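Colleague: Residue numbers (this note's numbering), protein chains in the order written: chain E, 1 to 434; chain D, 435 to 868.
For the record, the hints were derived by calculation from the structure and aren't laboratory data.
A portion of the hints provided could be inaccurate.
Derived lysine-lysine pairs resembling DSS-like cross-links, with alpha carbons at most 25 Å apart [stated by the list, open to error]:
id : chain 1 : residue 1 : chain 2 : residue 2
1  : E       : Lys-370   : E       : Lys-347
2  : D       : Lys-566   : D       : Lys-451
3  : D       : Lys-719   : E       : Lys-369
4  : D       : Lys-566   : E       : Lys-285
5  : E       : Lys-21    : E       : Lys-370
6  : D       : Lys-561   : E       : Lys-127
A quick note: this is a predicted structure, and the numbers were derived from the prediction, not measured.
Protein chains: 2
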Amino acid sequence: MKPYSEMTIYELEQELKMIRKHYRHFQDLDLHLDMSRGKPCTEQLDLSMEMLDELNGEVDLRCEDGTDCRNYGVLDGIREAKELIGDMMENHPDNIIIYGNSSLNVMYDTVARAMTHGIMGNKPWAKLDRVKFLCPVPGYDRHFAITEYFGIEMICVPMSPTGPDMDLVEKLVSEDDAIKGIWCVPKYSNPQGYSYSDETVRRFARLKPAAPDFRIFWDNAYGIHHLYDLDQDYLIEILAECKRVGNPDLVYKFASTSKITFPGSGIAAMATSLNNLEDIKKQLKVQTIGHDKVNQLRHVRFFGDIYGMTQHMRKHADIIRPKFEAVERIFEEELEGIGAGSWTKPKGGYFISFDSLPGCARAIVAKAKKAGVTLTGAGATYPYGIDPNDSNIRIAPTYPTLEDLQIAARLFTVCVKMVTLEKMLDEKRSNAEV
Amino acid sequence: MKPYSEMTIYELEQELKMIRKHYRHFQDLDLHLDMSRGKPCTEQLDLSMEMLDELNGEVDLRCEDGTDCRNYGVLDGIREAKELIGDMMENHPDNIIIYGNSSLNVMYDTVARAMTHGIMGNKPWAKLDRVKFLCPVPGYDRHFAITEYFGIEMICVPMSPTGPDMDLVEKLVSEDDAIKGIWCVPKYSNPQGYSYSDETVRRFARLKPAAPDFRIFWDNAYGIHHLYDLDQDYLIEILAECKRVGNPDLVYKFASTSKITFPGSGIAAMATSLNNLEDIKKQLKVQTIGHDKVNQLRHVRFFGDIYGMTQHMRKHADIIRPKFEAVERIFEEELEGIGAGSWTKPKGGYFISFDSLPGCARAIVAKAKKAGVTLTGAGATYPYGIDPNDSNIRIAPTYPTLEDLQIAARLFTVCVKMVTLEKMLDEKRSNAEV
């Protein structure tokens, strides 16, 4: 089919008429589908059910060092959990703190602590006139919600397939000491599925921030969440790179097993330099007596080691790969070449990012909603919920069944076409009037 | 035996000689005993092992309302957990938020949130020149550590067997709007095992604080932790009392199952007014996607209901009651009538509080340590670790075996006598010189 932009008003009208018919057809189906959040589907959750068998009433709940996981103690995680998560995060176990069930909560705490107590002896952020964060966009709405909650000013930095615009990051960070952090999802990014290039990671490690308490918030949420066994993105390990270039304290790195075992009932972790760890533990020891060691042990016993975890992730991939592929196939079939938007083709993670023509995203999401398909709200991928182009839409293909997903994806393309056609017709008509 | 105070110098010397012999005897035993923290013993932990059988690979992990506990969602806890913990806390399920594994962490968060965001529209505490908390003393060291960490000034209020000195609390709270909170362990208090009298609770509910954002931090850690089945302390339920007297938002109430199932792997909760809950949830939704629902379900399935939990607590009582009784018996045998200190006789909770003669506590703890018995550090029960009388020592009888505990308690009395005798002799001799 020829691009919409080359169509006459008459052709556009004919096309819109047909698309509206398609849309009504979907409305008649009385759909209730959800492509809004990056949630694993039931089959994925079933993969971890045997983890619950690992600990039962007959099992010894002592660690290798003899610690009884059932009792108080061990502030920063049991040794074997640090070993396992260390292998998962590609960091030394001594650089790791094992937390509770939510890495988001760890990030929140990290910002909250910087607000009230500062980082490594620097002034608490709450006592400064202005605190700013860089936000690669589009990005993860829950990151932006944390900085917004604390009144931190968010500055957008454009993303590209190789990562954030590093010229801009370097410039801003070196010039403005009110900039205290940057939110990064460096691998299979949320929402694009981009992975930072080697050059991007190297430039991150070599940043020369004006603020001594600037930190990179490196949320490696999808570190081992590949769709393919061989065709995987590889990310230079940031802590090691920072250490190599004499910037050891520059990064807080986060991860969790939320999308490996059970979301909300996994284990979260931070990896960072020993200096940062020492700083953090001053708070940690006041905040809690310790996190859930029984659950840490459960995870360790289930996976055994990183090979066990990798095998487990291949099973996840086998379930969700067809879903990503189905969405991409439908997008290609329906949208390729018509100039109604573009989308990413990630090799891992939980999302596909769709960019409509400017000014169409909100209308597309509203139309989908009206036909029974919930998408992530347009704008959600930008700070303050404001997408200046009104074009980005995050697609989360994992949760629905393959069958439902295909219906939802097809409907989505119908909404994209309908909104795009309406917009183009409006423009062409008003141009014709002039 | 006659009181030390009535002994002559010669008699005191003879007594000290004998006690030192006893002490050396204990030193020869090469002890490594710990009476420092309120930790359940192994037999207590074994009581909950069957909880691990409740959820296994074959079990349906859906809530009664169909929610799959394995996936993301449910910010404030699953309904059945709210019902169970509601019965445990004597509060309506709608007044409850179920958190993660640590009530201490909930209290920390509550203070941290007040620091950065204020309470119900009031100015954030971090923006005030001074913030103060009342601290009934002796009290719980980890409470004091939180307020100390946030630079909150702590004002000591003396405890009595009926609770804090309410004349003083009322006066301070009504006069000074910098006073924003008070730490309370209202039932089987830490360390005395005192329970607030009806009048005390009623006066708490009727406080007229100068600060609109004053809150009572009501840590009902030992709400169902009775030693006896009939001879139990009863506490007027504070939320209901506050509501009855027109002060509904005055209290944050905390509890957990840490000393019911597994410390560190239980579930924690807060109960408070709907207004407070609404205020708190603005933060909660930014902080996390949700707490560990699988563990909530595990607890609910294990206990079934509050009757199941009550039966379970009787098993705990049967294990630790003999330990409390042994300590009390040994203290009576060794210390009754000699005027070397006094101790509490709680009907529940995890501690016995010992008060030596002024100026003796640190020396007693040091002597015990030297003979291989670790006690809670002297001063720990006071803000900033400073006991102005140097007299309070917290005894935690639950963790050691009954056999070890009896040795440790006996040694403790020897240390008490030795330090008291040395001090009295010093004083008598210097008086004699004058």
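Colleague: Give a verdict on every hint.
Modeller: Hint check results:
1. Between E/Lys-370 and E/Lys-347 the alpha-carbon distance is near 31 Å, which puts this suggested pair outside the 25 Å criterion.
2. At roughly 48 Å between alpha-carbon atoms, D/Lys-566 and D/Lys-451 are farther apart than 25 Å, so this suggested pair is violated.
3. Restraint check for D/Lys-719 and E/Lys-369: satisfied, since their Cα atoms lie roughly 23 Å apart, inside the 25 Å limit.
4. Between D/Lys-566 and E/Lys-285 the CA atoms are separated by roughly 22 Å; this keeps the pair inside 25 Å, and the hint holds.
5. With a CA separation close to 15 Å, the supplied pair E/Lys-21 and E/Lys-370 stays within the 25 Å bound.
6. Taking the CA atoms of D/Lys-561 and E/Lys-127, the gap is about 8 Å. The hint holds against a cut of 25 Å.
Comparing the model with each numbered hint stated earlier shows that hints 1, 2 do not hold.
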